[in-house]
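**Student:** Protein chains in written order, with the working numbering: chain V, 1 to 252; chain Y, 1001 to 1308.
Since the hints were made in silico from the structure, they are not lab data.
Keep in mind it's a predicted model, so treat the numbers as computed, not measured.
Please note: incorrect hints may appear among the correct ones.
As the list claims (entries may be wrong) - Simulated coverage check for chain V against chain Y, where a stretch passes if three residues somewhere in it have a Cβ under 8 Å from a Cβ of chain Y:
1. 88 to 94
2. 104 to 112
3. 129 to 141
As the list claims (entries may be wrong) - Distance windows between CB atoms, simulated:
4. Y:Arg1007 x V:Ala202: 41 to 49 Å
5. V:Leu140 x Y:Gly1037: 22 to 30 Å
6. V:Met114 x Y:Lys1011: 14 to 22 Å
7. Y:Glu1091 x V:Ala161: 26 to 34 Å
To be verified - Chain V side only, calculated, beta carbon under 8 Å to chain Y, not exhaustive:
8. Phe85
9. Phe97
10. Ser236
Even glycine gets a Cβ: it sits at the ideal position worked out from N, Cα and C.
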Amino acid sequence: MVAGAQVAHVASALSCVEILVSLYFGHARVFPREPSLPERDRIILSKGHAAAALYACLAERGFFPTEMLERFACNGSLLGEHPHFGDVPGVECTSGFLGHGLGIGIGMALAMRMAGSKSSVYVVLSDGECNEGSTWEAALWAPAHGLSSVTAIIDFNGLQACGKSTEITCLEPLAGKWAAFGWEALEVDGHDMCAITDALRAPRGEKPRAIVARTVKGKGVSFMEHNLEWHYRPPSPQDLAKALAELGGASG
Amino acid sequence: MRNAFVRAVTKAAAADDRIMLLTGDVGYKVFDDFAAGFPSRFLNMGVSEANMVSTAAGLALEGMRPFTYSIVPFATVRCLEQIRNDVCNMELPVVITGVGAGFAYGENGPTHHGVDDVAALRAMPGMTVVGPADPREAEQAVSALIDNARPAYLRLGRAGEPVLPGTDAPFVLGRPKVLVEGAGVAVLACGGIASEALQAARILESDGVRALVLSVHTVKPITGLADMLRAREVRSVLTVEEHGPAGGLFEAVCAHLSVERDAPRIRGLHAPDAFFHVCGSRKALLEMLRLDTPSIVAAVKEALADQR
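So here's chain Y without its partners, still in its complex pose:
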């Protein structure tokens, strides 16, 4: 997903000389092409995330379109006050880019886990929050956020995520994307964990359950979700996210659907409200925290049992 992001930004920079890339000394060799092609528009800001965001705001005030880049916690909560006052308050077209959503940096421990960033950034007034499901959505998100020209947070996975079926459909900011058609029950995923949701849907299908799978690539704002669910007579919704219970996809979906008459019942699979100290790869942590494919299958079956 990271490489797709870099490709997309490099391509955008070739077409638009306002595009800039600022890194907080993260991404060794990853930006070589960008830096070679557009040396004056690539800045290593050092391990100084606060100054990176303020500088991006200054650039944007002068008409540039900067992307800032670091590992999720450092790109976001480390410099949240700069994001709040410099970017959001002045409504500037800066894209805060975090690499390593959820447990992508699993082995690095909880300091590097990105499980509270969506909550923090969703709370920022006027902020758009996007978590692509795969490399294709990451590329689509880059151009959508450039066109949007507003404060945005782009929450990337790391590297090596598979390209998912269904993500080639048009990307509209705010509007969830159908990855697998279904009815009655829906799995709503944000970020790379959508691939677990898709595998779960395949298993469920072999058990005779046609679960709708959506990539809720935009966690803020969410548009049109209620209509999509109503059209498929969805009575149970399961949200799946690599994020804590507060302020992430689950709460965003609850807020969106709460105003609906006969809203579906919503359950959430998410990380615990605690720092998770056990070391492990992303895959291992997803298993331990019951965010993996079998856990999604089980949760969907539980939801269906409740419907009866």
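The shape of chain V in the complex, shown without the other chains:
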């Protein structure tokens, strides 16, 4: 997809694949044939620049035909580099501008609580998004209002757009910060789907839950892992062939 369209953010997408798969193919209730069914759980990819991973999950899960993925970020396509609400089945809200997803998720959770709904809200954030004041505005508010149906999953891959996340801001201890803000904070290996699922399934109290998922940017492709360049660089045909050989995949 990203190689075909020659766009950026492939490494950002690779770091959150297991998180999204754990949600869409495991823990979360989704209804691909009826994507707006009120009983569904809401999944927000707040780090919208990883849209390629989201679209791949949605297509494989049956929200839309996988052939559509070939048109990702192409002229005239509805699958943009950042997801847009209303254009793509399964996309709960427009995202890509960092630091908005948690607030939107809180609004959804409030409305669902008023409606007596049992659905949950999952918001996938980047570590870079934890630079945004608005993320912490939302983080402060939700626990005071007992929004236990909200789960924030932070894809802590350690690299943001221009450097190491922990050097650019004082991000650590990240789980400790969420706990200090009143969240039930858990830390998991973000590429271990059993661990992610266990963290999602663990019995809930009255607090919202934050899962700090330790991940590797560019996971699964040796020359992309931990390499900031792949936040930007579109893969060449040669890069794609090498990456697919490592991942054992057959198509782009």
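Use these hints to put chain Y onto chain V, whose structure you have.
**Tutor:** Relative to chain V, chain Y alone:
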């Protein structure tokens, strides 16, 4: 105007259980009735305007009809990116409500003056921008914006504005309202400053000038204005607003009339393109900045002199 807004929203909430009120920790005791009547639909979001707007968007995505509320600069430009991407981009029925248009918080200084908000919000794609002239128009605007069910900005005065003659006429979003009939020359006002325009019209009348006075309560979109002016053979237009020169009523009216054949000449009375640091009440600041009744009278006379 603020109290009229609160009354209208409280009344609307009784009839429609989708109506919600979110405040950025502003409005001490003002929302007591709403909060008592509809506790789950009243939220103090804290001094967190960005999160207030995102949360309102999330609520709207689930079918609610939220109003957000804070002092003009904090309700608008403080969280403009949330308004842009969460509300306007997704075309959600959220009403951003700012209290303290123009110099209503005069003594608080330029941090609290609302003189650039109309420009910022008018620039947002698909946004409707409304500045009621008096408490009656504020109430009318609330129901019109609920019916409109689109992104909107409601720019309120503060408290104690007089009810103006003529505002009991039907309120149609976009369509200016005639407050005083006249011909040849027109004063177009947006917001509470319409009361200065009305006083100016009275003085002008005693001098034999029948100036048309319109409340341009909707700054975006504007509809039907050119026809209203043509029907009254208006050749000179004076816009009056508590807002800077860029992007407010003056520019909106210029844009609307520019496509007209034989468009009237348009002049504008507005705040300067600068932060105004001198302390003072709204009344004092309007005098200092020549936005008061005598300044409007003088500007209309100047416009008429130019016609000859």
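**Student:** If any of the earlier hints don't hold here, list their numbers in rising order.
**Tutor:** Going through the list in order, the structure violates hint 10 alone and respects the others.
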